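S.K.: Top line first, the protein sequences correspond to chains U and V.
Under our numbering, read the first sequence as residues 10 to 587, first letter to last.
Under our numbering, read the second sequence as residues 23 to 373, first letter to last.
Worth flagging that the hints you see were computed from the coordinates, not collected in a lab.
The structure presented is a predicted model; accordingly, all values stated were derived computationally and were not measured.
C-beta atoms are modelled at their ideal positions from N, C-alpha and C, and glycine is treated no differently.
Treat the hints with care, since some could be wrong.
DMTMM-like, lysine to aspartate or glutamate: derived pairs with alpha carbons at most 25 angstroms apart [what the hints assert, rightly or not]:
| hint | chain 1 | residue 1 | chain 2 | residue 2 |
| --- | --- | --- | --- | --- |
| 1 | V | Lys293 | V | Glu334 |
| 2 | V | Lys28 | V | Glu232 |
| 3 | U | Lys216 | V | Asp87 |
| 4 | U | Lys216 | V | Glu146 |
| 5 | V | Lys49 | V | Glu232 |
| 6 | U | Lys120 | V | Glu146 |
| 7 | U | Lys216 | V | Asp127 |
| 8 | U | Lys216 | V | Glu130 |
| 9 | U | Lys581 | U | Glu314 |
| 10 | V | Lys31 | U | Glu314 |
| 11 | V | Lys336 | V | Asp364 |
| 12 | V | Lys336 | V | Glu318 |
| 13 | V | Lys189 | V | Glu239 |
| 14 | V | Lys93 | U | Glu508 |
Which residues of chain V face chain U? A partial, calculated answer using Cβ under 10 angstroms [said to hold, decoys possible]:
| hint | residue |
| --- | --- |
| 15 | Phe71 |
| 16 | Ala96 |
| 17 | Gly97 |
| 18 | Phe106 |
| 19 | Asn108 |
| 20 | Phe117 |
| 21 | Leu119 |
| 22 | Arg120 |
| 23 | Met121 |
| 24 | Ala166 |
| 25 | Ala168 |
| 26 | Leu175 |
| 27 | Asp177 |
| 28 | Pro362 |
Take a look at the letters that make up each chain.
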Amino acid sequence: MARGHHEVKLYRRENPDPGSARPWGTLPLLAFPLLFLSLFFFFPLGSILVEGLTDEGGSFTLGHIRSILTDRYYLRVIGFTATQAALSTVASVILGLPGAYILARFSFRGKSVIKALTTVPFVLPSIIVVLGFVIFFGNNGFLNRALMAVTGLEDPPLKVLYSLRAIVLAHAFYNFPICIRLVSSVWSRINPNLERAAQGLGAHGLKLFSRVTLPQLLPGILAAASLTFIFCFTSFAIILVLGGGPKYSTIEVVIYRLAKVSLDLKAGSAFAIVESLLSILFMWGYIKLQGRVSFAEKAGRKHEERPFSLLFRTPWGIPAALYLVIVFLIIVAPMLSAVGNSFVRRSGWAGNSRPSLFWYAKLFFDTETSAFTVSYLSAIKNSLFFGLMTITFSLPLGTLIAYVTTRRKFPAQGLFDAVTMLPLGISSIILGLGYIRAYQNLPWDITGRWYAIAFAHTIIAYPFVIRSTSAVFRKINPSIIKAAMSLGANRWRTFWSVELPLIKSGIIAGATFAFAISIGEINATLMLYNPRLTTIPIAIYRLIGSYNYFAACALGTILMLLCFIVFLLIDKMGFEVT
Amino acid sequence: MSLTLKNIKKSYPDFEIDVSFDIENGKLITLLGPSGCGKTTTLHIIAGFIGPDSGSIILGGTRVDMLPPYKREAGLVFQDYALFPNMNVARNIAFGLRMHGWTGDRIERRVEELLDLVHLEGFERRSITSLSGGEQQRVALARALAPNPRILLLDEPLSALDAKLRKELRADIRRIQKKLALTTVYVTHDQEEAFAISDRIAVMKNGSIEQTGTSQEIYNNPKTLFVAEFVGLTNTIEARVLGRRGGFTEVESEFGRFLARDGSELSAGQKISLVFRPERSRLVRGEADANIIEAEVKSCEYLGDSTLLELEAKGTRFTVKLSQAVFCTTGETRRISFSPEDCILLPVSHP
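Work out the full structure: start from the sequences and follow the hints.
M.R.: See the structure below:
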């Protein structure tokens, strides 16, 4: 993954498209995105607003919101959601900082592997984290069985599942690589001359770090922390399984239960409004911090990386090496133990284990499908189908929006940018709730249909397509478009033979992201599916629920394999995932 | 504080530094050379950021090469200013003072003093981002000077600035350096800058010093072809030594025989390069006693204060720079003349 660090020049939309003198010429291009977003994002979102803000008679009321904000149970849920997110964030940052330093300042063998591993959480479905966690840390998991074998204890010594500890641990596992990644990139881009200048002026050690390095680093740490906080605040599957009950419920889980179990759409919608306001607030904070990071990085000089052996000569060498090993294990061990388990068959609960392909054979040959169960093979087929559908819809949607926002000038552009990125701030549970609410009383009820799931996945995925394609659009020098046109190519010809080849990598990256998001998605799918539309993550979720861990691991291994391919593709193209 | 670098060596996989020089108290030495010649590495060795494999650095009579950078009391100025973006101007300048235990009014007075010195009176509260490049570099200079360093190290301090500002700030740096009588090492790749600012210049190539001397010595008596070509335009003729004649050395080349400055250490038959500068050449009509080459005019550029002619003879290009306007036609044959005193004989460079 040795990528050259060359400066990338970004072109702003100072040069509007030479062909678009009329500002409203952009409108036809926007027709498809606007129609799609209206039907499958804003209409559902609006109906949640209406549901949560009106009484039975249909007149406006803040009563539902008020009762959420005065109810002791709901307040405790909000409090718990924030607490677990804050604890998880602190744990992730503490776990991530040493790694950020080592990755930023040292070179060593296997560094590229560790660096690539830090992108894993971006493509790893949350259900896999849950699965790996149960298999590795569970009472009957790898860690406990290993400890029992070593110490000779009768009972599992580590009881972490179904507690706040489990949630925080799983979140830290899921998010600390993000902290490593974000902070190390800031750390390596701090102008090395700043530290040299400070040293020349007599600063060293802790003083040098706290007065010179830390102030440069702080925006990066805060940005990583706020991103982690947002992820943990709206995390769903991890809480649903590892929290294991109403005591450890977060807002997302409560909304899910309100919508699917107690069928109280009014309370669900009101809670959804409260949560969305909070997460949009956090999102705004993150974007502000992100802006400060890019400002701090303007100097753009790279630190020279020292060989890791230098660190070994200091007292910090052993802890640092140990840390790297632990990082590697923490990320890889749960996944590996899930993979390992999938090749094991055990006779009875405490029976002997032996290597076997039994679970895979069951997956592929046990194709009995009834109204309530679905074969694992069709779960795989469903997941691949939704993945391809998500690519099909989100690619034109995201690319068109990216093209328009980077290339054209039109009125209310800032508003348009914000509106098209809004799905990032709306959780997918709420999106699912919106679909249920919006279409339930219409002749066209889409809940339980395949396209509801495909559209929901599209809405979740397309902002990532915008990201990856607008990044390449911005790198295209507007002059080459003018050059092509002056050489006789018309607008379409220019797009086809000049721009498209240049943005190809961005489109492929966007498609890959869309696919990864779709095959790992469980939240909105859980809200909208019917048993015949079971996907791999949902099948795994249900297998964990029925304690059929081995089959869950086999399906999980297949999902991991799919994600691994996606991960390799993204890594190969060198896209910055955040 | 005099500075001596004695046999400083540092090996890299594809490169080696091997440097020795000394500079008297209060003088400014410039390390001049193309990029990648090791001048910044040498500066970082003096500052203590890079440890040499062998050799010693002696500052004011004591060895400093074992000291960490923060104990060397060297003031540093970087090309990219490296000002602390989280501090304002006054706090940047005060940073080194705080590190050395200064407090309160003393810091304030010292900061004011330095802002006066670099002509930035009243800039105390300004943020770094509100300053122009030139102003930032003045603040960086003030910050480096604040704790009274024993030596000042400047690493291409003017490279990021535009031409006019460069000259202005160059003069200011020299004025301040002379006023404080501060021993200074200055790194640049710009020969004009080096000539203007230095007491001494060390021309570097591939990690070692080719020649050390005053500006005049470097320009008028280069010791190698590399030095001659790096510090100005040259005309070079491959030739062979014939012998001595009337206080000069006579050489023979494909353009005929020439007289050059006395090179008594040269022996007859030796291959050498004869070098003369374009601005020491003339165009003559008729016979002259001096060295003459007949060449065809290829181009003629009027530059305002001078005229630059490109001529060619037997596949070799010659440049002539005349201080007045001349009229010549492309394709015509002219005679280039240059006096023996201006001809330098240098060893043929090994490619």
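S.K.: Now tell me, hint by hint, if it's right for this structure.
M.R.: Checked hints:
Proximity of lysine 293(V) to glutamate 334(V) is assessed by CA-CA distance (about 22 angstroms); at most 25 angstroms being required, the pair is judged to hold. Our distance criterion of 25 angstroms between C-alpha atoms is met by lysine 28(V) and glutamate 232(V), whose separation comes to about 15 angstroms. Between lysine 216(U) and aspartate 87(V), the direct Cα distance comes to roughly 23 angstroms. Compliance with the 25 angstroms bound is thereby established for this hinted pair. Proximity of lysine 216(U) to glutamate 146(V) is assessed by CA-CA distance (about 23 angstroms); at most 25 angstroms being required, the pair is judged to hold.
Between lysine 49(V) and glutamate 232(V) the CA atoms are separated by roughly 20 angstroms; this keeps the pair inside 25 angstroms, and the hint holds. For a cut-off of 25 angstroms, the pair hint linking lysine 120(U) to glutamate 146(V) is broken: about 44 angstroms separates their Cα positions. A hinted pair counts as satisfied when its Cα atoms are at most 25 angstroms apart, and lysine 216(U) with aspartate 127(V) qualifies at roughly 22 angstroms. A C-alpha spacing of about 21 angstroms is found between lysine 216(U) and glutamate 130(V), which places the hinted pair at or below 25 angstroms, so the restraint holds.
Of the supplied pair hints, the one linking lysine 581(U) and glutamate 314(U) holds, its CA atoms being roughly 23 angstroms apart against a limit of 25 angstroms. Using a Cα cut-off of 25 angstroms, the hinted pair lysine 31(V) and glutamate 314(U) holds, with the two alpha carbons roughly 21 angstroms apart. With a C-alpha separation of about 22 angstroms, the suggested pairing of lysine 336(V) with aspartate 364(V) holds against the 25 angstroms cut-off. Simply put, lysine 336(V) and glutamate 318(V) have alpha-carbon atoms about 9 angstroms apart, close enough for the 25 angstroms limit, and the pair holds.
Distance hint between lysine 189(V) and glutamate 239(V) is fulfilled; the C-alpha atoms sit about 22 angstroms from each other, no more than 25 angstroms. A hinted pair counts as satisfied when its Cα atoms are at most 25 angstroms apart, and lysine 93(V) with glutamate 508(U) does not qualify at roughly 56 angstroms. Because the beta carbon of phenylalanine 71(V) sits about 6 angstroms from the nearest beta carbon in chain U, less than 10 angstroms, this interface hint is met. Because the closest C-beta pair between alanine 96(V) and chain U is about 5 angstroms apart, less than 10 angstroms, the hint holds.
Given the 10 angstroms rule on beta carbons, the hint for glycine 97(V) holds: about 6 angstroms separates it from the nearest Cβ of chain U. This hint holds: phenylalanine 106(V) has a C-beta 6 angstroms from the nearest C-beta of chain U, less than the 10 angstroms allowed. Among the interface hints, the one on asparagine 108(V) holds; its C-beta lies about 4 angstroms from the nearest C-beta in chain U, closer than the 10 angstroms criterion. Among the interface hints, the one on phenylalanine 117(V) holds; its C-beta lies about 5 angstroms from the nearest C-beta in chain U, closer than the 10 angstroms criterion.
At its closest, the beta carbon of leucine 119(V) sits 8 angstroms from a beta carbon of chain U; the interface hint therefore holds under the 10 angstroms criterion. Using the Cβ-Cβ criterion of 10 angstroms, the hint placing arginine 120(V) at the interface with chain U is satisfied: the shortest such distance is roughly 9 angstroms. Taking 10 angstroms as the C-beta cut-off, the interface hint given for methionine 121(V) holds, the closest approach to chain U being about 4 angstroms. The restraint placing alanine 166(V) at the interface with chain U holds, with a minimum CB-CB distance near 7 angstroms, inside the 10 angstroms limit.
Interface hint status for alanine 168(V): upheld, as the beta-carbon distance to the closest one in chain U is roughly 8 angstroms, under 10 angstroms. Hint status for leucine 175(V) relative to chain U: holds, with the closest Cβ pair at about 8 angstroms, below 10 angstroms. Because the beta carbon of aspartate 177(V) sits about 8 angstroms from the nearest beta carbon in chain U, less than 10 angstroms, this interface hint is met. Look at proline 362(V): its Cβ only gets to about 49 angstroms from chain U, farther than 10 angstroms, so that hint breaks.
The earlier numbered hints that this structure contradicts are 6, 14 and 28.
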